[in-house]
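Please put together the full structure from these sequences, using the hints given.
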Amino acid sequence: MASVKNIFIPDRYVNQIVPTNGFTTLLTFFTSASMAFLIVFSVAMSFAADRLARSWSDSLANSATLRVSAPTADLDSQTDAALHVLSKTKGIASFRLLKAEEQQALLEPWFGPKVPINNLPMPRLISIEEDENGYDRVGLRLRLAAEVPSAVLDDHTRWREPLIKAAYRIWFLGWLSIGLVFFIVIAMMTLVTRAALSSNRKVIEVLRLVGATDQYIAAAFVRKFAFRAFFGSMLGAFIASMTLFLLPPEADQNAILTGIRLEGLEWSWLIVVPLSFFVLTFLTARISSLSILKSLT
Amino acid sequence: MESVAYSYGEELLSDLNISISQGSFYFLTGPSGSGKTTFLKMCYGSLIPTSGKLSVFGKNLPGLSRDEIAFLRRKTGVVHQDCQFLDHLNVADNIALPIMVSARNSLSDNVNLKELLNWVGLSHRSKALPPELSGGERQRAALARAIIMSPDIILADEPTGNIDWEMSQRLIRLLIELNHMGKTVVIATHDLNLIRFTKASVQARVLRISNKSVQLAGSDL
Numbered sequence: 042m043a044s045v046k047n048i049f050i051p052d053r054y055v056n057q058i059v060p061t062n063g064f065t066t067l068l069t070f071f072t073s074a075s076m077a078f079l080i081v082f083s084v085a086m087s088f089a090a091d092r093l094a095r096s097w098s099d100s101l102a103n104s105a106t107l108r109v110s111a112p113t114a115d116l117d118s119q120t121d122a123a124l125h126v127l128s129k130t131k132g133i134a135s136f137r138l139l140k141a142e143e144q145q146a147l148l149e150p151w152f153g154p155k156v157p158i159n160n161l162p163m164p165r166l167i168s169i170e171e172d173e174n175g176y177d178r179v180g181l182r183l184r185l186a187a188e189v190p191s192a193v194l195d196d197h198t199r200w201r202e203p204l205i206k207a208a209y210r211i212w213f214l215g216w217l218s219i220g221l222v223f224f225i226v227i228a229m230m231t232l233v234t235r236a237a238l239s240s241n242r243k244v245i246e247v248l249r250l251v252g253a254t255d256q257y258i259a260a261a262f263v264r265k266f267a268f269r270a271f272f273g274s275m276l277g278a279f280i281a282s283m284t285l286f287l288l289p290p291e292a293d294q295n296a297i298l299t300g301i302r303l304e305g306l307e308w309s310w311l312i313v314v315p316l317s318f319f320v321l322t323f324l325t326a327r328i329s330s331l332s333i334l335k336s337l338t
Numbered sequence: 004m005e006s007v008a009y010s011y012g013e014e015l016l017s018d019l020n021i022s023i024s025q026g027s028f029y030f031l032t033g034p035s036g037s038g039k040t041t042f043l044k045m046c047y048g049s050l051i052p053t054s055g056k057l058s059v060f061g062k063n064l065p066g067l068s069r070d071e072i073a074f075l076r077r078k079t080g081v082v083h084q085d086c087q088f089l090d091h092l093n094v095a096d097n098i099a100l101p102i103m104v105s106a107r108n109s110l111s112d113n114v115n116l117k118e119l120l121n122w123v124g125l126s127h128r129s130k131a132l133p134p135e136l137s138g139g140e141r142q143r144a145a146l147a148r149a150i151i152m153s154p155d156i157i158l159a160d161e162p163t164g165n166i167d168w169e170m171s172q173r174l175i176r177l178l179i180e181l182n183h184m185g186k187t188v189v190i191a192t193h194d195l196n197l198i199r200f201t202k203a204s205v206q207a208r209v210l211r212i213s214n215k216s217v218q219l220a221g222s223d224l
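If you read the protein sequences in the order shown, they are chains L and Z.
This note's numbering puts the first residue of the first sequence at 42, with every later residue one more than the last.
This note's numbering puts the first residue of the second sequence at 4, with every later residue one more than the last.
For the record, the hints were derived by calculation from the structure and aren't laboratory data.
Check before you lean on any hint, since a few could be wrong.
[Claimed, not checked] Output of the computed footprint for chain L on chain Z, the stretches with three or more beta carbons under 8 Å from beta carbons of chain L:
1. 5 to 13
2. 91 to 100
[Said to hold, decoys possible] Simulated coverage check for chain L against chain Z, where a stretch passes if three residues somewhere in it have a Cβ under 8 Å from a Cβ of chain Z:
3. 233 to 246
4. 249 to 260
[Stated by the list, open to error] Restricting the straight-line Cα-Cα distance to at most 20 Å, the calculated cross-link-like pairs of lysine to aspartate or glutamate (EDC-like) are:
5. L:Lys243 to Z:Asp167
6. Z:Lys202 to Z:Asp160
7. L:Lys155 to L:Glu142
8. Z:Lys130 to Z:Asp90
9. L:Lys129 to L:Asp172
10. Z:Lys62 to Z:Asp155
11. L:Lys131 to L:Glu171
12. Z:Lys78 to Z:Asp155
13. L:Lys140 to L:Glu170
14. Z:Lys130 to Z:Asp96
15. L:Lys243 to Z:Asp85
16. L:Lys206 to L:Asp99
17. Z:Lys78 to L:Glu246
18. L:Lys131 to L:Glu142
19. L:Lys243 to Z:Glu5
20. Z:Lys44 to Z:Asp85
21. Z:Lys130 to Z:Glu118
22. L:Lys243 to Z:Asp160
23. L:Lys335 to Z:Glu5
24. L:Lys131 to L:Asp91
25. L:Lys206 to L:Asp91
26. L:Lys243 to Z:Glu135
27. Z:Lys44 to L:Glu246
28. L:Lys140 to L:Asp121
29. Z:Lys117 to Z:Glu180
30. Z:Lys44 to Z:Glu5
31. L:Lys335 to Z:Asp70
By construction, the Cβ of each residue, glycine as well, lies at the ideal position given by its N, Cα and C atoms.
Below, the structure is given as structure tokens:
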């Protein structure tokens, strides 16, 4: 307990007992800053992927599109028949026929603006929104097959699921990256502690000679590294938050980049990351140093 | 010590039987490599006997935990030939080190660092770094550090090995003064002049290590 107290109580001696090694100090500080930066970014990416997956899932789960592709002469009658079937189907909250301008807008990314779709054999598209009970997909398909053979019901399952899977994969990779970064932090602290203890053998000998316990010696080393890592990770988290602020607005971005940001309680990660660094470096350095000191007779 | 032996693979000391009483003054002599330093290191728990029973302050050393050995060292003042300081701390901080590591957060009322520095003649060098000190100054600083916790026993390993005769006399006078205060002093040395000089002022006994064992030397010294 006394050694834990030594970590937090300002003590000029505990601070000074381990000589400052500029290189190790800087290495610990900047590595922690870099790792914290990566963690905050991975967290933001994971949350963005999670939001994206949920948004796709929610917005497309209750909607479907009915495509009516028939020869031009039959197109109007087939469309009317399809609309009639939909109006008689339970579980459908609303449906509407897409206007020519809306269909033109859908084609714009591929053919550019002002496509003369009136001259093209374009199918008719009907957007369907189901109510909270949902409709019988199999039954609707059977009725459409009987009454409107040219109609194809697309409930978006085919392309919605891979997109959601991809988004969740990105979410998982984000958290995996965070785990790996924390693993690297543990490895780094173990190596730094080992290097510091072996390059300060004389300091350890003197401290033991004057009656210092292993806990006291470990505390002197741990204190040095834990605070360096804490301040470094604070800097990294701060730079990451600034970078997130400075990312271009959503309208200027594409695909997965949309929404890489922190929202609401997610900002608490800017505090959680440095604190996690402190706890992790404290525990790693303490366990490593006590184990090394035990082996030094 | 009862039948104490120490081996570094090859046996260095064997069948040591000796009892050092409180307030006594001992010299430990013997040729280089005979085991004087090993003897002293066993006394302050830096080395654990390979066999036998070694009691310090009534506690059997081989049975003590690492923490208990650390506490034992706080009651034992050690002066090395090479002094062993933290070179990045000044003399005053080095001398105060035992106090600081003993979980006391500041110098106690019983210990006056200034008086101690004055006693060893280093008041003017308190802010100097150890590498800036002369050999004699380093030994006196080491002595000050060794006694700052008011230990019951002072173990000195060749304390005058690197200093001139005048400085050796000065250091030994300090140790004699400590002995007069009731402290036990054990000095490992092969300097016969130093032993003769000391015996003129204090009832000092001489232990000689030869053939792996320790014997009380006669009055021929």
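Is Lys131 (chain L) within 20 Å of Glu142 (chain L), Cα to Cα? violated (29 Å)
Are Lys243 (chain L) and Glu5 (chain Z) close enough, with their CA atoms no more than 20 Å apart? violated (32 Å)
Hinted pair, alpha-carbon criterion (20 Å max): Lys243 (chain L), Asp85 (chain Z). Please report holds or violated. It holds: about 12 Å lies between the C-alpha atoms, which stays within 20 Å.
Establish whether the coverage given for the segment 91 to 100 of chain Z by chain L is satisfied; the threshold is a Cβ-Cβ distance below 8 Å, and no fewer than three residues must meet it. Held - the segment 91 to 100 of chain Z has 5 residues with a Cβ nearer than 8 Å to chain L, which meets the minimum of three.
Agreement of Lys117 (chain Z) and Glu180 (chain Z) with the hint, judged by alpha carbon distance not exceeding 20 Å: holds (18 Å)
Hinted pair Lys140 (chain L) and Asp121 (chain L), Cα distance within 20 Å: The given pair, whose Cα atoms are some 14 Å apart, holds under the 20 Å limit.
For the pair supplied as a hint, Lys243 (chain L) and Asp160 (chain Z), is the alpha-carbon distance within the 20 Å limit? holds (18 Å)
Are Lys140 (chain L) and Glu170 (chain L) close enough, with their CA atoms no more than 20 Å apart? This hinted pair holds, its Cα atoms lying about 17 Å apart.
Under the criterion that the straight-line Cα-Cα distance not exceed 20 Å, is the pair Lys131 (chain L), Asp91 (chain L) satisfied? violated (33 Å)
Regarding the pair Lys131 (chain L) and Glu171 (chain L), is the alpha-carbon distance no greater than 20 Å? holds (9 Å)
Need the status of pair Lys44 (chain Z), Glu5 (chain Z): alpha-carbon distance at most 20 Å? Since the Cα atoms of Lys44 (chain Z) and Glu5 (chain Z) sit roughly 16 Å apart, the hinted pair holds (cutoff 20 Å).
Lys243 (chain L) and Glu135 (chain Z) were given as a pair; does the straight-line alpha-carbon distance stay at or below 20 Å? Status holds; Cα separation ~18 Å.
In this structure, the hints that do not hold are numbers 1, 5, 18, 19, 23, 24, in rising order.
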